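Build the complex from these two chains, which are given one at a time in their own frames, with help from the hints.
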Amino acid sequence: MNPDRREFLGWGAAAAAGAALAPGFRLIELAQARSPQEAASKLQRWGLLIDITRCGECDACVTACHEENGVTGHGRPETDAQWIRKVSLRDKRTGYAQTLPLMCQHCEHPPCVDVCPTGASFKRDDGIVLVDKHTCIGCRYCVLACPYGARSFVHEATSGQKPDVPRGKGTVESCTLCVHRVDRGDTPACVEACNKDGGKAMAFGDLNDRDSAIHKRLRAEPSSQIRADLALNTGVRYQGL
Amino acid sequence: MASIQYREIEGRSGAYLALLGVLGALILAGLGATWYMEHNGHHVTGMSNRIVWGMPHVFAIFLIVAASGVLNVASIASVFGRELYKPLARLSGLLAVTLLAGGLAVLVLDLGRPERLIVAMTHYNFKSIFAWNIFLYTGFFAIVALYLWSMFERRMNGYTGRAGLLAFVWRLVLTTGTGSIFGFLVAREPYNSALLAPLFIIMSFSFGLAIFVLVLMAACRWTGRPLGDVVLRRLRNLLGVFVAAVLYFVAIQHLTNLYSARQHDVERFFLLDGGIYTALFWLGQVLVGGVLPLALLFGSASRRTLAAAAVAVIVGGLAQLYVLIIGGQAYPQAMFPEKDVASSFFDGVVASYTPSLPEVALGVGGVALALALTAVALKVLPFLPQSLADGQPRSA
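Same order as they appear, the protein sequences are chains A and B. For the record, in the first sequence the residue sitting at position 222 is 429 according to this note's numbering, with numbers rising by one throughout. For the record, in the second sequence the residue sitting at position 130 is 213 according to this note's numbering, with numbers rising by one throughout.
Here are the in silico distance ranges between beta carbons for each label pair:
#: 1; chain 1: B; residue 1: L355; chain 2: A; residue 2: P373; range: 43 to 51 Å
#: 2; chain 1: B; residue 1: L341; chain 2: A; residue 2: D371; range: 48 to 56 Å
#: 3; chain 1: A; residue 1: S366; chain 2: B; residue 2: A391; range: 52 to 60 Å
#: 4; chain 1: B; residue 1: Y207; chain 2: A; residue 2: T270; range: 34 to 42 Å
#: 5; chain 1: A; residue 1: A304; chain 2: B; residue 2: V105; range: 52 to 60 Å
Straight-line distance between alpha carbons at most 20 Å, and here's what the computed SDA-like set of lysine to any residue pairs gives:
#: 6; chain 1: A; residue 1: K407; chain 2: A; residue 2: A304
#: 7; chain 1: A; residue 1: K299; chain 2: B; residue 2: A344
#: 8; chain 1: A; residue 1: K293; chain 2: B; residue 2: P415
#: 9; chain 1: B; residue 1: K422; chain 2: A; residue 2: A435
Stretches of chain B that chain A covers, calculated by requiring three or more beta carbons in the stretch to come under 8 Å of a beta carbon on chain A:
#: 10; stretch: 120 to 127
#: 11; stretch: 133 to 147
#: 12; stretch: 194 to 204
#: 13; stretch: 261 to 271
I should point out that these hints are in silico values taken from the structure, not numbers from a laboratory. Everything numeric in this text was worked out from a predicted model, so none of it was measured. A virtual CB, placed ideally from N, CA and C, is assigned to each residue, including glycine.
Here chain B stands alone, though its shape is the one from the complex (with noise of 0.2 Å):
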């Protein structure tokens, strides 16, 4: 049986050099903008006593989330049997283990003790949903690491389904661990719902798949290779299918909130009146992160409306995740109930965030850094198909 040819891209372009030069120096900026908030304290962040998770956060979580979710195009092809899918199996498993480097690089960069890690790894709190994910995490690594070398290692081959399949259970506990670092806080009404678990799933199928898309893209068109039709269109398809569902479990997440008066206030926040956050997101996450890139999904075939699809959808993700993690916070504290409430530690209030550049150039060298490490690792190593035209022989 014919097999699928895969070869390292040659990397010696001045294009080539010249992303890696940008990526680069992105990187060097976040570390800088690192050095410059652990030297003078989080006092220069826009992040406070109130909002304590700020742009770092919304960056290292969509990249966490993404990171599982890319991995689907992989398991599609190796846990369902979907053949189609089967030569872009390595780069989604690429493409999973460099996102997660480099949203737990920002995560761990924006700690308050950074060289304390090793105290992060020598002590455990297992009723910590974050200890917990510290294993998921290093251990996703490490089943991703064995599902691509499966994949590589002819003689492994014959392992790729159990792999695939590890990793695919893998992945969706992780996802869970993730939804669930704010799906288990019980101090806040805007989470504290086992939705987020979900949620996070299906939101990480829809961001992973869209970064997917444009790196594939991307890849293949600065490379030459080409790129079927048959290929994009499924996972045209696919993105619109996921986004969605998205769109499906936000809206229960919020209709289930409506019918509850006790969440009367936190709905009228989100929906009517908190400002940025409302505007955030009926705008970013439902009209640019849904409804738009449903628009562009199904109203057209062209590449051109699939590219500015998973674009929208990855402005739209990174919308609904700053919504939820700095919204979830801004929005105050209920402890007296029919109650107005005032202090100095500015309780009973909307606390106000404005994002600082240290940390959005923090959260941008960690994109970089991900994207820097899946084009080193594509001159590296033959992980992408010499061709993804249509009619190619499917793999052995």
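Same shape as in the complex, but just chain A (with noise of 0.2 Å):
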């Protein structure tokens, strides 16, 4: 058998076990994601993992975060939403500089949520926190309380909504963990876009699931948590902070 010849069927091989395997991975991936009709579950805390050593001058999370969820600006900026923005850090003594993306943190005990008084802002059983747009009242009293300036109120009226997203004048909002996709068995848009255009510095995953790839980062590498002299215990980590 000459070499090309092997070399072909070689790869041959490897393309027909591939196709004979790759639906029953997701099989596997399709069983795992939740029905629609399934609630979330307390056995699973999403969160996710951003490493700022690889975070670098781009911003691909907050245009994607912003084109997925239909959140758009008028121009301006003191009043326009931001789901998610990029903050730059200076040391005060040493200059050494930093930047790093910031949005909610889905904490396990969110101040966002102690104080809504009609309920509308709630934490779903797998850690997401979200704002019932049916509920809220914009009281604003959650923008004021959350330690992490990530939530936003809707100052003008919408447009071009997503179908997945509401928004409405007069309530407010924040980051969702692009909770539709993740429902979906997705990757939330920020996520994707940092990992295909941007520095691959965020990683998404269930933190309650020792097998996932955050779990395993999170036991083996040093991370930290915005303000955890709150002991919030945020759903977002950091590393190299």
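Set out below in structure tokens:
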């Protein structure tokens, strides 16, 4: 058998195996995804791990988030909503500069949920913190209570809304961890964009699942929470901070 | 025993109608401002994603705090048994209700979705201080109404003491709730202090009494009812004590912070280089709201200085709430110690805020609503004694 032919057969066998096994893997994936009827479960705690040593001067995550969620501005930076933003840090003494994406930290003990008078701010069993657009009265107390400045008040009429992402003038909103994608078994738009066009700094996964990549990294590598002193147990963790 | 004679005000004079006309116009302006804000969205105000509570909240919280404080005059009569204050109790209860109504109207009309008030009345998160406050405010209306009924209805007079005690305790809890709106906010260095609850209580004593003094003097003067020096001297001394107590609590609040290195930046902001907030603190809150009224109250015995002191307390009180509410939000949230922070969302910088006309119109509309309700109630029911002249027979 000449080498070309052997190589061709080798590749062919690999392709055939791939074609045969892929649907099986896809099935496993589908089996693990929640059905739309199924309630979020406490067995999971969705979270992010962001390695800011890999985070550069790009804003792929921000663009992807606002595109995915239909968050459009009106050219008024003080009142336009921002679900995720890039924050630049510079050490006051050494001048060491860093940048990182900041969004809702999906706390285990979210102050926004504590203060909300109607319960519109709530935390799903799987740890995702959301605003119920039907019961938010627009008091903005949660915006005041959030330690991360993660929430925005919708200051004017919205347009170009996405079917999965309801928004409304006079209510408060913030990062949903792309709950509509997560429920489909996908990763949040920011993570996808960072891994495609950015510095591959962001990882998404189940903080409760010992076999998940995010859990393994959190077990093996140092990480931190922003305002850990408040003991909110954030779902978003940072490395290199 | 002789009893106090109360009588409705006549309320037919041109001046009375003019007063109602002016207040009505201000209420309409407030409603117009609400329509404008709700129609366009809050971007037409000075408020932003960094300053989410603005001028409406300064007025609303001032009115709510003053509402609980103005009830003190009645409490002094029925809880602490000071007969001298008894003829003033009905007006005190009335103002408690009307000021609270004015404050709540402003708060509700500023909501992003005011039409969802029904949601706030049917969905409760009992961990929220706001949710507690909904019960505290509605309960306050009910209890003060009962209290007033016990004063008006002769057969119920025997229950005034008990109703007064309940109202007094309730109002202390209520103002604790208002102060805790800020006191329980862990995320913001300028707030997050248990001291805010007692500070708000003592502020309520001072603001409420200042409003009471002005309304009483105006009502007696405009209806030609005698108002004796003895009553006014008591109220003058009481206001002086309250103003001094507010200054004391403010001093303790800042001294505590100054002692802690963690809070040095916050203190530097408010006391030294916070621009408008520093200016409002020293000139508005401390000088106009504290030092000036003390000088006026204890430096002279004239009615004019008492009225001027009360006005100064109100102006200083508004300045104090502006510094606390808006300055507290403008001060950047500390997330990254020892780092200079910058972002497109105004992290790390003092947030800018310019009060807008609709916000002020809404706030003033709330004040006008409280005063208009008071003026109408004085005409409808006998809240005011016919005479508060010295040596009048005290209540049976």
